[in-house]
Amino acid sequence: GEDVEQSLFLSVREGDSSVINCTYTDSSSTYLYWYKQEPGAGLQLLTYIFSNMDMKQDQRLTVLLNKKDKHLSLRIADTQTGDSAIYFCAESTASGTYKYIFGTGTRLKVLA
Amino acid sequence: EPEVTQTPSHQVTQMGQEVILRCVPISNHLYFYWYRQILGQKVEFLVSFYNNEISEKSEIFDDQFSVERPDGSNFTLKIRSTKLEDSAMYFCASRLLEGEQYFGPGTRLTVT
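Chains as they are written, first to last, in the working numbering: chain P, 1 to 112; chain H, 1 to 112.
Hints listed in this document are in silico derivations from the structure and should not be mistaken for laboratory results. Check each hint, because a few of them may be wrong.
Listed next, the in silico EDC-like pairs over lysine to aspartate or glutamate satisfying Cα-Cα at most 20 Å (straight line) [as the list claims (entries may be wrong)]:
#	chain 1	residue 1	chain 2	residue 2
1	P	Lys36	H	Glu100
2	P	Lys36	H	Glu44
3	H	Lys42	P	Glu14
4	H	Lys42	P	Asp83
5	H	Lys83	H	Glu3
6	P	Lys56	H	Glu3
7	H	Lys42	P	Asp3
8	P	Lys36	H	Glu18
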């Protein structure tokens, strides 16, 4: 099956770190992505990781990939109120169309 | 920076009417996609299009849906006879080769 699972909600205090988790099922996925979606808005690409990498850091964002467990995480350091949004992970299938399979989304609420 | 555009941003239609959602992908891209996001839910793949034909479609993409690239720049999604459950945000995406898809801002379709 093609299911990408995420926990539904995460609440953190401003200045703390947030860790959003994702599990996927397609072990042949080539790229894994993190998108941010604010209320009523479109999809903003935050970062991505290629499947042969374990970790990628981009300013406040750190992506960890555990291929053995098919687990992806996004860590946001020094979380700000502007980070409040829904975060989707997505895997790009290795089939010819490279369609994206999106996760269920995690709603991050940052408390001031 | 080139971007994917979509029109209209919001479309309201009555049940049973036909709607056409329009997208202008990035000009040198080769692969095109439509995704759907029902309010409060995850983003779901509808269809991919390459070399002037559908390369993959999901089970959501039934006979009521069709896609076209009529003039080499636009990419359209037509819903022949809209149902209430077609109300959603529709995202178009395009990509050049393997890797990142570039998403448009979405069209919110409301069926009354």
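query: Which earlier hints turn out false for this structure, listed by number in ascending order?
result: 3, 5, 6 and 8
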